[in-house]
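K.L.:
Starting from the known structure of chain A, arrange chain B on it as the hints suggest.
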Amino acid sequence: MSTTTTEALSDTTLLRFATAGSVDDGKSTLVGRLLHDSKSVLADQLEAVERVSASRGQEGPDLALLTDGLRAEREQGITIDVAYRYFATPRRRFILADTPGHVQYTRNMVTGASTAELTVILVDARNGVVEQTRRHAAIAALLRVPHAVLAVNKMDLVGYEERVFARIAEEFTAYATELGVPEVTAIPISALAGDNVVEPSAHMDWYGGPTVLEHLETVPVSHDLAHCHARLPVQYVIRPQTAEHPDYRGYAGQIAAGTFRVGDTVTVLPSGRTTTVTGIDVLGEPVEAAWTPQSVTLLLEDDIDISRGDLIVPSQDAPATTQDVEATVCHVADQPLTVGHRVLLKHGTRTVKAIVKDIPSRLTLDDLSLHPHPGRLVANDIGRVKIRTAEPLPLDSYADSRRTGSFILIDPSDGTTLTAGMVGESFAAPEPVKDADDDGWDF
Amino acid sequence: MTGTTGSVATVTEETGSPYALSHLDALESEAVHIFREVAGEFENPVILFSGGKDSIVMLHLALKAFAPAPVPFALLHVDTGHNFPEVLDYRDRTVARHGLRLHVASVQDYIDRGVLKERPDGTRNPLQTLPLTEKIQSEKFDAVFGGGRRDEEKARAKERVFSLRDEFSQWDPRRQRPELWNLYNGRHAPGEHVRVFPLSNWTELDVWQYIAREGIELPEIYYAHQREVFQRGGMWLTAGEWGGPKDGETVEKRLVRYRTVGDMSCTGAVDSEADTIEKVIAEIAASRLTERGATRADDKLSEAAMEDRKREGYF
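Protein sequence lines correspond, in order, to chains A and B.
Using the UniProt record's numbering, read the first sequence as starting at 1 and increasing by one per residue.
Using the UniProt record's numbering, read the second sequence as starting at 1 and increasing by one per residue.
Next up, chain A with everything else stripped away, as it sits in the complex:
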């Protein structure tokens, strides 16, 4: 790091990724190894880990201690909540959402995966693909994380045998492909011994692929969103009303998808008024074009009524507005979600009143079968819901846009975040998934 120049460092891209794995698959050790071997752990942090490890009578430093930040986590030796880690190589910056593996923390994996472009799913080479692996793959598919890495860990305990790895990789890839995971990269590793995490393994000559870190450094960060339907949720109207800028009126927001250009004909939803983009400011500087995920300010030709919560879109590519939302949801709160529940729905920058009209099905994560009309969803449940909103919303399908196809439900009485929602077709039919057609399940 010390030899890299400032310019080289600022010109790298950012990759957000999440980890998933069962309790004893060695996830914390993998994360600790990634941080340690990429020299992202500094001396005082390592000293602290060595001190605590020694005081507990452990022989070497327990790298898992690097990631357990809460008193209760260290006491119980488990990860309770998502933690975010930061490390860098000369090629790329990384934000790692380190998520717990317990079944009861499914909501935390959903939290971590919602912003991730890649998920690392860990399995123990001795056990192969287990229920929890399938659950993690299903959530990654549901959240439409573009890339998946299968890290087959503890290869040292199976004699570094190629056929063990090949069998697990084949089984997982077939399963993930069926779920609709677009890309799977399988890597045989030993997090404890350091094989193929940062350094290539000396024990697995038969493996010709990248190490985990090499793959993280080179996987393409998805830019295709810049070519999608352009969407700007209006966050805030900037009106200086100063002597210098008496007439400036700009609509500020972060472009959720696509590209806006000066001269574009745009429509404001839900009102449906149409006008032209006369200027785009990127944080105080005029530009000709801007794209996701830039925070911008749009200047429009006509003085029409636009406020926070509106959505600006290209006129030829506007989403339909609807008051009837069908979505796949993950329930994240302790209090259940029931039919008839009155909630608030936050979509983009707009929050509206809504009512849960129906819960057609709940997904059983163990075997991905559907339980029809469960009546309620409890914490960590994934299911289908139908929601009626008090005002029309311009919704995209989550399959088209993770930003404008997602929403959260909020309890109006105490503000609790209840549910994460993804708009669109999914495992909607209340019959067993096994009966789905050959294309697999359209999440």
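Since the hints were made in silico from the structure, they are not lab data.
Nothing here was measured: the structure is a model prediction, and the numbers come from that model.
Any given hint could turn out to be false.
Said to hold, decoys possible - Derived DSBU-like pairs: lysine-lysine, alpha-carbon spacing no greater than 30 Å straight-line: (1) B:K279 with B:K253; (2) B:K117 with B:K279; (3) A:K353 with B:K140; (4) B:K117 with B:K140; (5) A:K386 with A:K353; (6) A:K39 with B:K279.
P.N.:
Below, chain B alone, put in the same frame as chain A:
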């Protein structure tokens, strides 16, 4: 604002895609989104401003987020009474230059009134919590921006971008709201408030690279200079009327700089020859010590020192 030429997304060599944002552009865009969300959803937000580099970067981002309009937030400084004079001077110049409103919560006032007692170890950092939380209540602030970064400390790695606090400003890490996509939930009951951390995803190096790119002025104590210091607890502390040196501690003149700026009683200087921003960045990139490990005595009090203080309402 000067030197903003880098603010428009640039093509990165790595991918060649004209649509790839550099990591600093991505972080900047995310932070601006957070500032605007708060402006859109809260009644009475305030930016915690210490004159340290993180709060200076926060203010810079807020200025860009609402340009060409003024920043729609006031500033709040928790004055420990042991601040570096250079930093207070910087604070007052900044407030005047941007026409901002400044609130001050004074630890010294609380000590003078007998509400707070000086600690035997002389550090005033833990004493900031009460003046801060009482000021939030009395001014009815409903959103309080902090410059905390998740890379600073492992308890902070668990912090949300929008962090709900009860009427006592307490943080309960086991009852945090899940934070999904970029849909931040700012709902709160009267008396509660939300701490907001726009720099959550930034690292110390990101902050310095951004300061360099944007040409942001900092208090001069961040750059190497001759200073009278003495050693206590393995750290170089500035000599002064706040309580040092004591018997057995000797003052010497050294070439030092600060990596963080806080209370003089617990913020240590590091030996350094880095007198320009380029040299500072090179030094941090090569450092084998974390920012807090190198310079903060109060985080060493126990393994959960930060977690415990955050639970009580510290930022």
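K.L.:
Need the list of violated hint numbers for this structure, in ascending order.
P.N.:
2
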